[in-house]
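In order, the protein sequence lines correspond to chains A and B.
Residue numbering for the first sequence follows the working numbering, starting at 544 and increasing by one per position.
Residue numbering for the second sequence follows the working numbering, starting at 201 and increasing by one per position.
Careful, some of the hints might be misleading.
Straight-line alpha carbon distances no greater than 30 Å define the calculated DSSO-like cross-link-like pairs of lysine-lysine that follow [to be verified]: (1) A:Lys-724 to B:Lys-324; (2) B:Lys-281 to B:Lys-721; (3) A:Lys-724 to B:Lys-721; (4) B:Lys-279 to B:Lys-721; (5) A:Lys-789 to A:Lys-775; (6) B:Lys-294 to B:Lys-281; (7) A:Lys-724 to A:Lys-775; (8) B:Lys-488 to A:Lys-551; (9) B:Lys-294 to B:Lys-490; (10) A:Lys-551 to B:Lys-493; (11) A:Lys-847 to A:Lys-862; (12) A:Lys-868 to A:Lys-929; (13) B:Lys-320 to A:Lys-717; (14) B:Lys-324 to A:Lys-717.
Some residues of chain A that are not near chain B, with every Cβ distance over 10 Å (derived) [claimed, not checked]: (15) Val-617; (16) Arg-669; (17) Ala-721; (18) Thr-940; (19) Glu-988.
No lab work stands behind these hints, which were simulated from the structure alone.
For each residue, glycine too, the CB sits at the ideal point set by N, CA and C.
So you can see what is in the structure, the chains are spelled out below.
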Amino acid sequence: MSRNTLIKIASLILMVVSFIAYIAGASAFPIASENLLPWSVWFLIAVIVNIVLWTSVMRLLTFSLAVIWFYAFVAGLVPESSTAVNLTELDWSDPDAVAEQGALVFNGKGQCAACHTVDTTAPPGRCPDLTDIGINAATRVPGMDAKAYLIESMYQPANYLVPGYGKIMPEVWKAPIALSKLEIEAVIAYLQSQGGEIDPTPFDEPIDRADVATAAAALPPLLTGDPELGKKVFVDAACISCHAVKGIESPAAGEVNEEDFEVVTAPDLSEIAAFNDMRYLEESILVPGAQIVSGYGAVTVRAKGTTFQGTLVSQDEEKIVVRTKTADGVEEEHTILLSELDDEPIEELTDLEAKGYLTLTITPADADTPVTGQLVSETDEVVTLKVGDEARTLSKTDVKSLMTVVTFDGDEIVGEYVSGTMDDDEIILIVDGSEEMFDTFDLEEATMTRAFGKRLLVTSPMPENFPIILSVADLTNLLSFLSTLTGATAEAVPEDTGDAPAE
Amino acid sequence: MKITKKRLYLILGCVLVFYAVLTVAPAFAQDVTDAEYRTFPLIGSRTAAWIASQLHLLFGSFILGVPMFAVIIEFIGWKTKDERYDRMAQEFIKLCMGAFSTTALLGGVLVFILIWCYPKVMSKLSGIFGPTMIFYVFLFFGETFTLYLYSYGWDKMQGRHKGWHLFLGVLLNVFGTAIMFVSNAWLSYQTSPATQHGILSEMRKKSWMEERLAADPSLTPETVMEGVTDHTMIPLHNETTGEFMGTLWDAVNNFTWMPINIHRLVGNIAFGGSIVAAYAAFRFLVAKTKEDKAHYDWMGYTGNFIALCGLIPLPFLGYWLGREIYMFNNTMGINMMGSLFSWLFIIQAVMIGVLFIGANYYLWSGMGRIDGAEIYARYRPYMITVIVICVAIWMTPRTLSKISTASELSAMGGANHPHLGLFGLMTAKNTAVNIIILTTFLSFLFYRRSGKTPTASWGKVGNIAISSIFFFATVSIVVIGIVGFTVPTDLRVNTLTPYQVLIALAVMAVVTVVDIFMYRKATTSGTIKWGEMTDRSQYVLILIAITFTSLMGLMGYARSGLREAWHIFGVMQDTSVDAYTPLLSNAVNIVAIIMVVFFALVGFIFWLGLWGEKKKQASAATIEAAVTAEGDD
């Protein structure tokens, strides 16, 4: 055998061996008890030598193997996350280790990272960014500590929705994600580790897995209506005026129909049943404002002295985008920073969250300067504001209020409120540092201002009288019709997340 | 005792067998009574089933794809009375015959592995799909006998019987397609099991009524069923037991069944074409005579043309399949494109980029063997630039969060590049893929026109019209793509993207028709010098075949991996040790092993065919020599 032939055979053997070693993930090729060069380099060397030395069939084989290896190599370079989780127990003596296991579940089996980010520099995800959720969790729901909030978020995510985000998070303990209690505990530890302290206290699941499964199986059919009759209700009850459904003719958005009722654009319902369960549809008819589809909420805000009335297109923690329409029907989008919203006077400090207040400016009775902060929670007696990084709880009653009185001559006087109402004979205010008394007989009106606040109230443009104008039979028929709108003749709407899939 | 070479091999063989028995023995010591899972020796159950199913699928794809275009080529040969087409079609079917038995063998291996390793899963699936499995067997018999008749009857059924032979070919394709549709029902059910809002079947109605009566004896069947109509919404699986409660048709006609059927149907044509082209390339490279080189050059061109015809609509069909996955389960869709598998689709883009660049390169190389094709050479730099830019756009990741450092993220102002990040969005990618397809079509058009001069009086007008169509179509696709950045997702997905696709398809259809009429009576300035292709171009054909095969392997991983820890998504949980989706880096290694085994088997089968052919030729030569010798006597 010639030396050339020996080299050819040796390089062929090296190529095959290095290919197998690379695929098998073997450690680097040892020479003289030292690890020298990774197998991928040996493979490339062998490929080059083979292509130079061999001809015809063997060169072809070398080329084929190199192409196969190349794709494996390139695919091996990309970032990846594993769904492999095998939690049998959690070692709470090392909470950081538990948090690490939780991170694996978060990025893998739990699929949390598909929608949540833990990175303030990342582009906004479908769900809130969870940076510092370990601290922020305690501020989300009044009276609920961080761990309780996180537990609720995992088991019943729809109970509280972060403003600006829809109800899209699945109950992760249910199929198909189906996290075990241990896995959920680990994820909670991981979330707590994001800026907060890990609380190893055991908790009871707020659900009974066995009972819930049995109850679900025993659920009677939700609907017993007739979809054909429901379709008639859909048209007769004017749903079609705003909602489009493929196959049903509807007036174009923006037109004015015979009853002078302007047709507004509402979500297309052609595939509504494909993405939502019937409970959601039921709720949407009975309580239209319970959950408003992103981009369809009606909103009125004042910023820098201008009033914007239109549709809330998007919202995040810093800004909102409102789409308005001029009298000529021209649509405009306005990006408004929340900090630019005008402070509105607040007459009564009640139901502030329901009224959409985001921030409050209150002057406590014993203070000289007002306190401004983000509204976190409220009870009948107190309100909690986030001022800087601190939470401050202030009384709703012991506040320095302002009162604006208007005389019959049209004069408006504003002063710090001391006493009296329009039902009394006199009202006393401090105006320019001195106490002044106003005879209510001379006053046209008096308006109290207990605080100021920036407000963003989103409402559903859908009328709320359907439960009244529709009979139970009509409702069930309507729901039955909606349940058939799975888009079986239409097509689904993928998220904007990547490139075109192909198999 | 003298140790001869033979004895040495015998001893070595015995040692190997002994070692193998020792290694696999523990696997057979497992509980075989009522196990939920059993472990496959050495490589584990999942890897075993994965390799067997992917190999089965690759061979299946080949034997289903090849007869489709073989029949069409045979038909062309029959109509044009050009026997070359008939011979080539016959050669294709010969390749198919060798692969057919391997497909069946691998199918058998797969079934044995599944029954042995996953008895409960198979029990569940056969419980639902039992009748279709029996139907499958009949279809399989039908396909086998038709293939044998079609292949062995080729020479006999010429002349006036040709029509019947073609009918057999069509019938073979009908059986093959039906087989694929049936087996697709099983696997697509595992991914998207039935529909949530199905029509209430009689079976479910009855079982629901019995449940209610058992729970409350005071009820009567009439009171229970009051108001229940055929449109009553009801889940098709019992949430506790996972029991399937719909009809067989509910299970078959699931969300992804038809998209997978159509996607695979077209994919099979492209795959079959690419393998045939690779075979031809191999034969071209080892050919000794000019005639052989010319024949296999022509065969390679035809195979590549067929692969291209299948490749062009594939991205659109993949898009449809993706949409159906979103429709079935939004979380699964997000997981596919935006989470677990998002980077896999970047690798997919790399591979598809290689396919398109390779296919275009081959066409341009092919123009080198046509006199008069030089006039189109000046367009090549522009075309390759366009394709490379579009491929780069297609490969742009949606987010760089997983591969960037904190300082890089901070410098970019987020996880997306401030300018290039736009290309990571769907609208940019859709635009890019449509432009790639149009450019590839233009390459083909140039190839078709090479060496020909149109004689139609309206030739100039036709050229202006075709140029204008390309120009305005490209501008429209780009403008729609730009508008896509500014509109809501549903408008883009449901309206703008389909418009882009329709424009691309319309351009191809209209231009083809105009071009055919323009060049109907064209004068030929130069003939095609078949066989005068570079070796490089043949390597490109092999590159295309391997890339296509690797792509199928990778997408097979994606389709199965989407189920994650479920045998049947959301219904039957995987509780085995493999209850997770393997990492992409592990998956590509398995795919690489599958590729090596597949091409080794394909090479072996083709070599067997070649061997048989040589033997036939040798015996024919001997007989001829004998006859000549007798004549001489």
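Now for the hints, and whether the structure bears them out:
1. A distance of roughly 28 Å separates the Cα atoms of A:Lys-724 and B:Lys-324; the hinted pair therefore holds under the 30 Å criterion.
2. In summary, the hint linking B:Lys-281 to B:Lys-721 is supported, as the alpha carbons are separated by about 19 Å, within the 30 Å threshold.
3. Taken as a hint, the A:Lys-724 and B:Lys-721 pair is broken in the structure, with Cα atoms around 76 Å apart against an allowance of 30 Å.
4. Between the alpha carbons of B:Lys-279 and B:Lys-721 the distance comes to roughly 19 Å, so the proposed pair stays at or under 30 Å and holds.
5. For the proposed pair A:Lys-789 and A:Lys-775, the alpha carbon gap of about 15 Å is at most 30 Å, so the pair holds.
6. Distance restraint check for B:Lys-294 and B:Lys-281: the Cα-Cα separation of roughly 21 Å lies within the 30 Å cut-off, and the hinted pair is therefore satisfied.
7. Only pairs whose Cα atoms come within 30 Å are accepted, and A:Lys-724 paired with A:Lys-775 is rejected, the gap being roughly 47 Å.
8. For the hint linking B:Lys-488 to A:Lys-551, the alpha-carbon distance of about 24 Å falls within 30 Å, and the restraint holds.
9. A distance of roughly 23 Å separates the Cα atoms of B:Lys-294 and B:Lys-490; the hinted pair therefore holds under the 30 Å criterion.
10. For the suggested pair A:Lys-551 and B:Lys-493, the alpha carbons sit about 28 Å apart, so the restraint of at most 30 Å is met.
11. Taking the CA atoms of A:Lys-847 and A:Lys-862, the gap is about 14 Å. The hint holds against a cut of 30 Å.
12. This hinted pair does not check out: A:Lys-868 and A:Lys-929 have alpha carbons roughly 35 Å apart, beyond 30 Å.
13. For the hint pairing B:Lys-320 with A:Lys-717, the CA-to-CA distance comes to about 22 Å; that is within 30 Å, so the pair holds.
14. A distance of roughly 21 Å separates the Cα atoms of B:Lys-324 and A:Lys-717; the hinted pair therefore holds under the 30 Å criterion.
15. Here A:Val-617 does not stay apart from chain B, with its beta-carbon only about 6 Å from theirs, under the 10 Å limit.
16. Look at A:Arg-669: its CB is around 8 Å from the nearest CB on chain B, not clear of 10 Å, so calling it non-interface is violated.
17. Look at A:Ala-721: its CB is around 7 Å from the nearest CB on chain B, not clear of 10 Å, so calling it non-interface is violated.
18. For A:Thr-940, the shortest C-beta to C-beta distance to chain B comes to about 45 Å, beyond the 10 Å cut-off, and the non-interface label holds.
19. The Cβ of A:Glu-988 lies farther than 10 Å from every Cβ of chain B, with a closest approach of about 46 Å, so its non-interface assignment holds.
Checked against the numbered hints above, the structure breaks hints 3, 7, 12, 15, 16 and 17 and satisfies the rest.
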